[in-house]
Amino acid sequence: MPRTTRATAVLLLCLLALALLPLFAEKYYIQLFTKMMIMAVFAMSLDLLVGFAGLVSLGHAAFFGLAGYALAFAAPQYEAANLWLSLPLAMACSGLLALVIGALVLRTSGIYFIMVTLAFAQMLFFLFHDTKIGGGADGIYVYAKPAAAIAGWEPFTLENYTHFYFVMLVLLVLVYVALRRLLDSPFGRVIVGIRVNEQRMRSLGYRTFRYKLVCFVLAGMLAGMAGYFAAAQFGFVSPETLSWHQSGGVLMMVILGGMGTLTGAVVGAFAMILLELGLQGLPEIGGMDIAKHWQLFMGAFIVGAVLLLPHGLLSLFRLGSRLRRKPAGAHDE
Amino acid sequence: MDANTFLIQVLNGIQYGLLLFLVASGLTLILGIMGIINLAHGSFYMVGAYLAFSLAQHFGSLWLAMAGGVVIAVAIGLALEWLLISRLYHRDHLYQVLLTYGLILIFEELRSVVFGDDVHGVAIPELLRASIPLTETLSYPVYRLWMSAVCIVLAAGMYLLIQKTRLGMTIRAGAANREMVQSLGININLLYRLVFALGVALAAFAGMIAAPVASVFPGMGNQVLIVCFVVVVIGGIGSVKGAMLAAVLIGLVDTFGKVLTLQIGGVQLLPELSGMMIYVLMAAVLLARPQGLFGKRA
Numbered sequence: 047m048p049r050t051t052r053a054t055a056v057l058l059l060c061l062l063a064l065a066l067l068p069l070f071a072e073k074y075y076i077q078l079f080t081k082m083m084i085m086a087v088f089a090m091s092l093d094l095l096v097g098f099a100g101l102v103s104l105g106h107a108a109f110f111g112l113a114g115y116a117l118a119f120a121a122p123q124y125e126a127a128n129l130w131l132s133l134p135l136a137m138a139c140s141g142l143l144a145l146v147i148g149a150l151v152l153r154t155s156g157i158y159f160i161m162v163t164l165a166f167a168q169m170l171f172f173l174f175h176d177t178k179i180g181g182g183a184d185g186i187y188v189y190a191k192p193a194a195a196i197a198g199w200e201p202f203t204l205e206n207y208t209h210f211y212f213v214m215l216v217l218l219v220l221v222y223v224a225l226r227r228l229l230d231s232p233f234g235r236v237i238v239g240i241r242v243n244e245q246r247m248r249s250l251g252y253r254t255f256r257y258k259l260v261c262f263v264l265a266g267m268l269a270g271m272a273g274y275f276a277a278a279q280f281g282f283v284s285p286e287t288l289s290w291h292q293s294g295g296v297l298m299m300v301i302l303g304g305m306g307t308l309t310g311a312v313v314g315a316f317a318m319i320l321l322e323l324g325l326q327g328l329p330e331i332g333g334m335d336i337a338k339h340w341q342l343f344m345g346a347f348i349v350g351a352v353l354l355l356p357h358g359l360l361s362l363f364r365l366g367s368r369l370r371r372k373p374a375g376a377h378d379e
Numbered sequence: 063m064d065a066n067t068f069l070i071q072v073l074n075g076i077q078y079g080l081l082l083f084l085v086a087s088g089l090t091l092i093l094g095i096m097g098i099i100n101l102a103h104g105s106f107y108m109v110g111a112y113l114a115f116s117l118a119q120h121f122g123s124l125w126l127a128m129a130g131g132v133v134i135a136v137a138i139g140l141a142l143e144w145l146l147i148s149r150l151y152h153r154d155h156l157y158q159v160l161l162t163y164g165l166i167l168i169f170e171e172l173r174s175v176v177f178g179d180d181v182h183g184v185a186i187p188e189l190l191r192a193s194i195p196l197t198e199t200l201s202y203p204v205y206r207l208w209m210s211a212v213c214i215v216l217a218a219g220m221y222l223l224i225q226k227t228r229l230g231m232t233i234r235a236g237a238a239n240r241e242m243v244q245s246l247g248i249n250i251n252l253l254y255r256l257v258f259a260l261g262v263a264l265a266a267f268a269g270m271i272a273a274p275v276a277s278v279f280p281g282m283g284n285q286v287l288i289v290c291f292v293v294v295v296i297g298g299i300g301s302v303k304g305a306m307l308a309a310v311l312i313g314l315v316d317t318f319g320k321v322l323t324l325q326i327g328g329v330q331l332l333p334e335l336s337g338m339m340i341y342v343l344m345a346a347v348l349l350a351r352p353q354g355l356f357g358k359r360a
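Protein chains in written order, with our numbering: chain S, 47 to 379; chain Y, 63 to 360.
Hint data in this document are derived by calculation from the structure and do not stem from the laboratory. Note that CB positions come from ideal geometry on N, CA and C, so glycine has one too. Some hints here could point you the wrong way.
[To be verified] Quick partial rundown of chain Y residues pointing at chain S, CB under 10 Å, derived from the structure: (1) Ile99; (2) Arg149; (3) Phe169; (4) Val204; (5) Tyr341; (6) Gln353; (7) Leu355.
[To be verified] To spell it out: a stretch of chain S is covered by chain Y in this simulated footprint if at least three of its residues, at any positions, have a beta carbon under 8 Å from a beta carbon of chain Y; those stretches are: (8) 289–298; (9) 339–348.
Required output: the full structure, derived from the provided sequences and hints.
This is the structure:
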């Protein structure tokens, strides 16, 4: 089978498995996978910047967290917000923030860009952490999940965790397909061209700043979508959702999965959350509470992955298939 | 605000700025010379503070703790560069971000395993425990003045090292052209290792002298790291002079942001938004000079 066909087949199989999961999984796992799909959308939005446009942002949580706060503010107290109004509102808030921040940070590049995106995200963090907007450091509750009713007719309700799961699955596929099409479009080719050689794209007559800004805003809005559903699922928004741990975590998902491939971002998101869960479930060994200090092993895992897997987790599969195809006794080069 | 309070705040601001400079100068050197973005730099500050805390208990003297701590910090720096950082020179910034982020998690959890998650205090040495009275009610602690003095001495030492010595000359040459320096028969790897260890030692030392006034607590490294990023961005990457100016500027802005009150149109802006002030300053500098005050245009 040709490689692309096989990859598509694997992708469809995974999708089928995800679609069938609620049939036999318990509530806990359905909610866990919902969370993983939310983070996968978040990771794909960052991959658009990091993997395709070559813009390493360490402040992507700003857009994720802001949309969560937007939902919290849009909802009447103790009642549900209207999904069809509050979701576009939340995404617009994140998009607007991305427009403002992007216009500033895209004046820089390279190491500067990394540090400046981080600093702007911190600025937002302190805004919500130090002032009384949104409950300060204590955060704010989203008491009811957004309602999806249109003129009395309710196609689904997010209060039902299986419905929530399928809504996220549909959104995950939609975002994936939309990004795939975007990247295959002339716009996407320009974005990738900018990453490879911005000078050349500029000399070809493209206004690269505008392309990067559009890309930044799009990524911000998609991160907002993820943040909106994360807040809806968790029922709580705190400054932590804006923090640089969140930004660092999602960046890890993108890079570990193998950046520049949308599937990589999804794999990275799933893998990181499973790993986190796995480490937290470890028993006590030699008097040391591993579950409590799971971050130590997470850190060691990241360091090891950078040193040993330069192209992310997906390269493990490639490595495997290369070994299988190689006849016995053959050597590299 | 009367003149004495103003003076105290100015001194506090400068002292905080100089402390930031110690951490930020290492960060900017590692960035500018080695091209490594080191997120774990704040962790070294934390390591320094915890070393001061534990060694001071052990030796019964902060002076001995500092001496021992610097030696340990240099050793940590040399080992880290040798084991991990040296593998990142030819890799994309992304992997540097990732690996050093992993290091933060490791340092932070090791801290939690060894010292727990409590806040600790470190006593000011007997010699510097006095205060200088300004008025009947206001006084200024000698220790803070001593901190500023030490920072200034170290800054001057760094200036001399980088600008006036042969070692400094090779370091600057290495920043400009790594291959050329190497082909002249200079061991650039050793040079980088030294620069990295110097940066680690400076950050750790800053943590040690800050321990008695700022106390020792979890997460202290990350707080400093992000402020130091702002310092480096404002000052310009690789510029020690820029880091100095930016650090003092930020020290003053941050200190006065916390004590001034400002109300516009019935909305209380300061001190509520003081945490945001330095980022606003950074945004303003970026608008005017994207490469920072003393940075070279890329």
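Do the numbers back the hint for Y/Val204, that is, is its least Cβ distance to chain S under 10 Å?
-> Hint violated; Y/Val204 Cβ to chain S Cβ min 32 Å, cut 10 Å.
Mind checking, does the segment 289–298 of chain S have 3 or more residues with a CB under 8 Å from chain Y?
-> With 4 residues in contact (Cβ-Cβ under 8 Å with chain Y), the coverage given for the segment 289–298 of chain S holds.
Proximity test - 8 Å, beta-carbon atoms, the segment 339–348 of chain S to chain Y, at least three hits = holds (count 8)
Does Y/Ile99 pass the interface hint, meaning its C-beta sits closer than 10 Å to a C-beta of chain S?
-> holds (5 Å)
How about Y/Phe169: closest beta carbon in chain S under 10 Å, or not?
-> Cβ of Y/Phe169 sits 8 Å from chain S, so the hint holds.
Can Y/Arg149 be said to touch chain S, with a Cβ gap under 10 Å?
-> With Cβ-Cβ at 6 Å, under 10 Å, it holds.
Holds or violated: is the Cβ of Y/Leu355 closer than 10 Å to a Cβ in chain S?
-> With a minimum Cβ separation of about 13 Å from chain S (threshold 10 Å), the hint on Y/Leu355 is violated.
Interface hint outcome for Y/Gln353 [beta carbon to chain S under 10 Å] = holds (8 Å)
Proposed interface contact between Y/Tyr341 and chain S, which counts if any beta carbon pair is under 10 Å | holds (4 Å)
The structure does not agree with the numbered hints 4 and 7 stated previously, though it agrees with the rest.
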